[in-house]
Amino acid sequence: AQSVTQLGSHVSVSEGALVLLRCNYSSSVPPYLFWYVQYPNQGLQLLLKYTSAATLVKGINGFEAEFKKSETSFHLTKPSAHMSDAAEYFCAVISRAGNQFYFGTGTSLTVIP
Amino acid sequence: EAGVTQFPSHSVIEKGQTVTLRCDPISGHDNLYWYRRVMGKEIKFLLHFVKESKQDESGMPNNRFLAERTGGTYSTLKVQPAELEDSGVYFCASSQVGAGTDTQYFGPGTRLTVL
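Protein chains in written order, with my numbering: chain E, -11 to 101; chain B, 2 to 116.
Treat each hint with caution, since some may be false.
Below, simulated DMTMM-like cross-link-like pairs (lysine to aspartate or glutamate); rule was C-alpha separation at most 25 Å, straight line [stated by the list, open to error]:
1. K52/B - D31/B
2. K42/B - D73/E
3. K42/B - D31/B
4. K16/B - D31/B
5. K57/E - D103/B
6. K45/B - E76/E
7. K42/B - E15/B
8. K45/B - E69/B
9. K42/B - E76/E
10. K45/B - D57/B
11. K56/E - D103/B
12. K46/E - E69/B
Simulated from the structure, these hints should not be mistaken for lab results.
Just chain B, same shape as in the assembly (with noise of 0.2 Å):
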């Protein structure tokens, strides 16, 4: 079984540009989660989905993050215009449950650098 996959591993982008990040949950759960760690920082919630729905969203930093998950199946992350303190590393995760028994699968994050 395939496990969480993220595109691409690695985005340098500028200041001011657009990034999208991918990614693919394992086949068959219906949440799906992005979290950011910025350097040296603690891993953080970003948001939640559940199929195609934003179930929890409180973690997004602001209006330049826009995440998406059409047909509940991938999802996007989407970050217009990007800034300087966006750098860091995109984890996206998925459960079948979203209980707090839940096993959460980690895919193995998108690394961005923004200059």
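Same shape as in the complex, but just chain E (with noise of 0.2 Å):
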């Protein structure tokens, strides 16, 4: 069975601090994860995935995040918020043979200036 818990419905930064979105899974195989974006009136849009090359992904619109097995996370960061990375964040999970895949409940971020 595979799950992912995202901590925190909602986080607030202020314009130019560090962006933590967490994210831990669950899985009882290896997995690849997945953080998307979701804009308003917009689809998920993909940020960035780990499908077990390097654990250190880098994303679009400078956000990055690190698979830490020992941890059982996928973290999303970015150094540097914006006022336009106001959006809702949703990590997920897929099975290597899968075709589906487990959302988080979701993050909304509002990036105060």
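Two chains, two separate frames, one set of hints: put the complex together.
Okay, here's the thing in structure tokens:
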């Protein structure tokens, strides 16, 4: 069975501050992990994905995430928040042979000017 | 290249009525997925098509939901009769390969409200 847990349904940061969105996964097999972002009135857009190559994954818009097997975590970070980063972020896991994502409940990011 | 499109963007119906949602995947993507997000909860998988065949429909809630993909292009998801608990956002996604490393591209969703 696979699942992800996103800690914090709402996160607020000041513009220019570090963004840290937490995701922990549970998987009986080595997982593939994804972060998606949803801007208002848009579809989910892929930020980055981990597919067992490098443990530090760089994505679009300055985001990155590090796969830590020992902590079963895949936290999303960005060194300096921009106003345009305000959105909802979803962590998801999928099995290697799988076809369906298991999503977390999402984290809504607010950036304070 | 056009992304995944969904129609309508919003639908408000009364309990007991029928609603049909449509999804047009990215051209050339054989794999098409339906997901649903009930308010405040996680996005949940409903089913997966490979071309016109249902590969996995393990997430379909009950037999009031019927998904089709005739001809392997666009897909429809019909809810008949709709119940209050069917309210939520229905997302469609498509991908080329259908394997775990494959990126699924999502549409903007259809927000369904059942009154």
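Each hint, compared with the structure:
Distance check on the hinted pair: K52/B and D31/B sit about 5 Å apart at the alpha-carbon level, within 25 Å; holds. For the suggested pair K42/B and D73/E, the alpha carbons sit about 22 Å apart, so the restraint of at most 25 Å is met. A distance of roughly 28 Å separates the Cα atoms of K42/B and D31/B; the hinted pair therefore is violated under the 25 Å criterion. Taking the CA atoms of K16/B and D31/B, the gap is near 34 Å; set against the 25 Å cutoff, the hint is violated.
Of the pairs offered as hints, the one joining K57/E and D103/B holds, with about 21 Å between alpha carbons and a cut-off of 25 Å not exceeded. Restraint check for K45/B and E76/E: satisfied, since their Cα atoms lie roughly 16 Å apart, inside the 25 Å limit. Distance hint between K42/B and E15/B is fulfilled; the C-alpha atoms sit about 22 Å from each other, no more than 25 Å. A C-alpha spacing of about 19 Å is found between K45/B and E69/B, which places the hinted pair at or below 25 Å, so the restraint holds.
Annotation: proposed proximity of K42/B to E76/E holds, straight-line Cα distance about 13 Å (limit 25 Å). As the CA atoms of K45/B and D57/B are separated by approximately 13 Å, the hinted pair is consistent with the 25 Å bound. About 21 Å separates the Cα atoms of K56/E and D103/B, which keeps this hinted pair within 25 Å; it holds. Taking the CA atoms of K46/E and E69/B, the gap is about 37 Å. The hint is violated against a cut of 25 Å.
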